[in-house]
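Trainee: Protein sequence lines, in the order shown, are assigned to chains V and U.
When we follow our numbering, the leftmost residue of the first sequence carries the number 1, and every step to the right adds one.
When we follow our numbering, the leftmost residue of the second sequence carries the number 190, and every step to the right adds one.
Calculated directly from the structure, the hints in this document are not laboratory data.
Just so you know, not all the hints are guaranteed correct.
What the hints assert, rightly or not - A short list of chain U residues far from chain V (calculated; beta carbon distances all over 12 angstroms):
(1) Lys192
(2) Leu417
(3) Glu431
(4) His503
(5) Gly582
(6) Lys593
(7) Leu661
(8) Lys726
Said to hold, decoys possible - In silico DSS-like cross-links for lysine-lysine, where the CA-CA straight-line distance does not exceed 25 angstroms:
(9) Lys142(V) x Lys709(U)
(10) Lys174(V) x Lys436(U)
(11) Lys709(U) x Lys124(V)
(12) Lys772(U) x Lys20(V)
(13) Lys124(V) x Lys713(U)
(14) Lys709(U) x Lys3(V)
Claimed, not checked - Beta-carbon label-pair distances, calculated as ranges:
(15) Thr653(U) x Ala165(V): 47 to 57 angstroms
(16) Asp670(U) x Gly139(V): 46 to 56 angstroms
(17) Gly30(V) x Ala753(U): 52 to 62 angstroms
The beta-carbon is built from N, C-alpha and C at its ideal position, and this holds for glycine as well.
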Amino acid sequence: MVKSLLMSGIGGQGTILMSKILSEGLIRQGYDVKMCEIHGMAQRGGSVTTQIKFGDKAYSPIIGTGEADVLVAFEKTEAARYIGSLKKDGTLIVNDLEIYSLPVLTGAATYPEHIEKELQTKVKNMHLLNANQIAAELGNAKAQNMVLMGVCIKALGLENFDWPAIIREFLPQKLHELSIKAYEKGLAS
Amino acid sequence: MKKLMTGNEALARGAYEAGCHIAAGYPGTPSTEILENLATYQEVYSQWSPNEKVAMEVAAGASATGSRAIVTMKVVGLNVAMDPLMTASYLGVRGGLVVVVADDPGCNSSQTEQDNRLIAQFAKIPLVEPSDSQECKDYIKAAFEISEKFDVPVLLRMTTRVCHSKSTVELCDRVDVPVVPYQKTDKYCSSPAAARVNHARLEKMLPMLEEYACTCPLNRIEWGNKSLGIITSGISYQHAKEVFGEKASYLKLGLTHRVPRDLIRTFCEQVDSVCVIEENEPYLENVVRLMGIECTGKDKLPTLYELSPEILRHCLLGEKAVPACTIDAKLPPRPPVLCAGCPHRSMFYAVSTMKDNAVSANDIGCYTLGMVPPLNVTDTIFCMGGGISAGLGIERSLRLSGQKKKVFGFIGDSTFFHSGITSLMDAVWNKSNIAICILDNRTTAMTGHQENPGTGKTLMGDPTLVIDIKTLVLACGVPEDHVRTVGAYDLPAVMAAAEEAVASEGVFVIINKQPCALIKSVLKERAAMKCSINPDKCKKCKACMKIGCPAVILKNGVVSIDRASCNGCSLCAQMCRFDAIEKEGM
Numbered sequence: 001m002v003k004s005l006l007m008s009g010i011g012g013q014g015t016i017l018m019s020k021i022l023s024e025g026l027i028r029q030g031y032d033v034k035m036c037e038i039h040g041m042a043q044r045g046g047s048v049t050t051q052i053k054f055g056d057k058a059y060s061p062i063i064g065t066g067e068a069d070v071l072v073a074f075e076k077t078e079a080a081r082y083i084g085s086l087k088k089d090g091t092l093i094v095n096d097l098e099i100y101s102l103p104v105l106t107g108a109a110t111y112p113e114h115i116e117k118e119l120q121t122k123v124k125n126m127h128l129l130n131a132n133q134i135a136a137e138l139g140n141a142k143a144q145n146m147v148l149m150g151v152c153i154k155a156l157g158l159e160n161f162d163w164p165a166i167i168r169e170f171l172p173q174k175l176h177e178l179s180i181k182a183y184e185k186g187l188a189s
Numbered sequence: 190m191k192k193l194m195t196g197n198e199a200l201a202r203g204a205y206e207a208g209c210h211i212a213a214g215y216p217g218t219p220s221t222e223i224l225e226n227l228a229t230y231q232e233v234y235s236q237w238s239p240n241e242k243v244a245m246e247v248a249a250g251a252s253a254t255g256s257r258a259i260v261t262m263k264v265v266g267l268n269v270a271m272d273p274l275m276t277a278s279y280l281g282v283r284g285g286l287v288v289v290v291a292d293d294p295g296c297n298s299s300q301t302e303q304d305n306r307l308i309a310q311f312a313k314i315p316l317v318e319p320s321d322s323q324e325c326k327d328y329i330k331a332a333f334e335i336s337e338k339f340d341v342p343v344l345l346r347m348t349t350r351v352c353h354s355k356s357t358v359e360l361c362d363r364v365d366v367p368v369v370p371y372q373k374t375d376k377y378c379s380s381p382a383a384a385r386v387n388h389a390r391l392e393k394m395l396p397m398l399e400e401y402a403c404t405c406p407l408n409r410i411e412w413g414n415k416s417l418g419i420i421t422s423g424i425s426y427q428h429a430k431e432v433f434g435e436k437a438s439y440l441k442l443g444l445t446h447r448v449p450r451d452l453i454r455t456f457c458e459q460v461d462s463v464c465v466i467e468e469n470e471p472y473l474e475n476v477v478r479l480m481g482i483e484c485t486g487k488d489k490l491p492t493l494y495e496l497s498p499e500i501l502r503h504c505l506l507g508e509k510a511v512p513a514c515t516i517d518a519k520l521p522p523r524p525p526v527l528c529a530g531c532p533h534r535s536m537f538y539a540v541s542t543m544k545d546n547a548v549s550a551n552d553i554g555c556y557t558l559g560m561v562p563p564l565n566v567t568d569t570i571f572c573m574g575g576g577i578s579a580g581l582g583i584e585r586s587l588r589l590s591g592q593k594k595k596v597f598g599f600i601g602d603s604t605f606f607h608s609g610i611t612s613l614m615d616a617v618w619n620k621s622n623i624a625i626c627i628l629d630n631r632t633t634a635m636t637g638h639q640e641n642p643g644t645g646k647t648l649m650g651d652p653t654l655v656i657d658i659k660t661l662v663l664a665c666g667v668p669e670d671h672v673r674t675v676g677a678y679d680l681p682a683v684m685a686a687a688e689e690a691v692a693s694e695g696v697f698v699i700i701n702k703q704p705c706a707l708i709k710s711v712l713k714e715r716a717a718m719k720c721s722i723n724p725d726k727c728k729k730c731k732a733c734m735k736i737g738c739p740a741v742i743l744k745n746g747v748v749s750i751d752r753a754s755c756n757g758c759s760l761c762a763q764m765c766r767f768d769a770i771e772k773e774g775m
């Protein structure tokens, strides 16, 4: 049995760090893990994804159409862009955040209004939350990734594990308290 | 001890464990982190070189004098390193020499999708292809041994998914391999007479290499159901295992040049049908077919882009994946763009105002993004250095045909050191009439901020001399009154320099200097610098949007500036004629 997790977002939002922490925690719990990130030019404000597969034995790192058990989208249109990857009855976690790409900023393209509503009508298991705002209230909007990680861990039913210990290993000490609080907020939401 | 590692990290670890002494390379996605990780092991001397050819020569020289050496580069980097590689193949090694190339099926961040496995065949050298992180570590060790055993460099071919996927790796200790003491020899001197002998040596070696490939543990058979036999290598093996599992048998190849024909024959004789699964070129398949063995391969699988389990299911099993959910809303594209506060922006804006009166040759790096609207400046992008040299051809072509346009060449600092200097010499020597913009952001930015000859630091963190670009430009013969150094955030100065370039005759060089906005120290220094729009003064003329900064946001007809991404570069403020953009923290 292999589970697939897809994270989609925009370069700089912290998808890769979240994937690293998740992968390390999964390894410690005895799973075989394949994690894949594509970076390079996409870092410059482009759309980015990271993928994690875990189970008894994970082979290919690539998640195909209709294969993701959980899709964590760090931005609303990035949820819609990768929705085809989500499994039937899979869980969609959406950060209620709009980030405009340059074509939108220059008026060459339009940002779709209320895309979250269309997603809600089509996806049964959807968590919509403003992780940025939750993290900002805790002191730094950048901890949005830890909020989303909490929601994701809950959705996977993996909360009975010392995730804060892994967070501490991956982040500098000054961010421990904020990140763990953000993770816990996500877990509770 | 087990550790989760990317292929790049594992490869570096393997080189360290294998007792590698010297490592060189040039940054390029997806290969960059191999050398960055190797540099963390103090036992291995690691360096960035100005380009892949130089790095290849450094490694070849180190090997010739008895050190185990590795050189790393991205897919197109091997094109630059081809000259020394071909000769190194003839001359052989003393310490093991491994050439690591990271191919990029799917062109995630490369300008070609070339399958460099064909280069191993062309250069007549062994080829090794790992399929996950553990194999990256194990195969690099094997590669050093194969190199020494057959007295040739080994090509180790990674692909993006192998480089950037993480899986678990069992760590071992380093084995200290002594440097073979150097004794004077003419073995490493290439001359036509020696080349004839060396070519014969290679031809004699190849059958022995093939015999070895038939029995070496890098090539193995995994028996499952014998109705289908899959021949595969690299990441394609992982996709095949996921799709076919126990329903097929596998000939999993790790040492793929020479292709082990006896082993293939043995395998194929015991299965009912044969399928070759590989990305891009039909490299293995051509050999299988030449052996007279019927197989499925590129008749069903694509040559383009990377493979995936989904593609295998579709092409080989006829199973089309259907998304469980689709969205009706039209999604705006999200292409990569020059970052908020990017120092490259001002020079591109200056040239964008010249519209069709300017023709621009661009280069490989973040400044490639100067082609993106609304800046829309770029007519050609060939390769590293092409930002200058293609511009020379453009300028000559326009001049000969009487088309009056100003030609601009764009190049970055690391790229100028990589292969722009010879192009500049050409420009001066052959009396070109080009304006060359060297966008000096004090780092190698696109690949994640590596040191270069202009930054004053080596890969291993040692302070070193700074090679000054202006001094180089002057030394190449550009007259001092044809060189301008401008601060990239000083828009009037950048515009004035561009105008001067247009008015000038001969080679004109503008050095646009400002560190990359994403360098950690710059982020810290500029953290409090912000621009904001005073809505009372804003006339909504949108002049500030012409620079294409992603921090300047237009929503419901109102322009605002995103505080989080703004770094106070103030280009937008300099665009505003109504003094509506306020600066703080500066």
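Trainee: Taking the hints in turn, state whether each one holds.
Mentor: Results for each hint:
Once the 12 angstroms rule is applied to beta carbons, Lys192(U) is inconsistent with being away from chain V; the minimum gap is 9 angstroms. A cut-off of 12 angstroms between C-beta atoms confirms that Leu417(U) is not in contact with chain V; the least separation is 17 angstroms. Non-interface call for Glu431(U) relative to chain V: violated, since the shortest CB-CB distance, roughly 4 angstroms, does not exceed 12 angstroms. Consistency note on His503(U): stated as away from chain V, yet its beta-carbon is not over 12 angstroms from all of that chain's, at 9 angstroms minimum.
Against chain V, the non-interface label of Gly582(U) holds: every CB pair exceeds 12 angstroms, the least being about 26 angstroms. Even its closest Cβ contact with chain V, about 30 angstroms, leaves Lys593(U) beyond 12 angstroms, as expected for a residue assigned away from the interface. Distance check on Leu661(U): its Cβ is at least 28 angstroms (rounded) from any Cβ of chain V, clearing the 12 angstroms threshold; non-interface status holds. Every CB of chain V lies more than 12 angstroms from the CB of Lys726(U), the least distance being 21 angstroms, so the non-interface label holds.
For the suggested pair Lys142(V) and Lys709(U), the alpha carbons sit about 16 angstroms apart, so the restraint of at most 25 angstroms is met. Between Lys174(V) and Lys436(U) the CA atoms are separated by roughly 52 angstroms; this puts the pair beyond 25 angstroms, and the hint is violated. Between Lys709(U) and Lys124(V) the alpha-carbon distance is near 42 angstroms, which puts this suggested pair outside the 25 angstroms criterion. Proposed proximity of Lys772(U) and Lys20(V) is contradicted: the alpha carbons are some 38 angstroms apart, above 25 angstroms.
As the CA atoms of Lys124(V) and Lys713(U) are separated by approximately 43 angstroms, the hinted pair breaks the 25 angstroms bound. Between Lys709(U) and Lys3(V) the alpha-carbon distance is near 36 angstroms, which puts this suggested pair outside the 25 angstroms criterion. Distance hint check for Thr653(U) and Ala165(V): the Cβ-Cβ separation is about 40 angstroms, which falls outside the suggested range of 47 to 57 angstroms. The hint said 46 to 56 angstroms for the Cβ distance between Asp670(U) and Gly139(V), and at roughly 54 angstroms that hint holds.
A hinted range of 52 to 62 angstroms is violated for the C-beta pair Gly30(V) and Ala753(U), which are about 39 angstroms apart.
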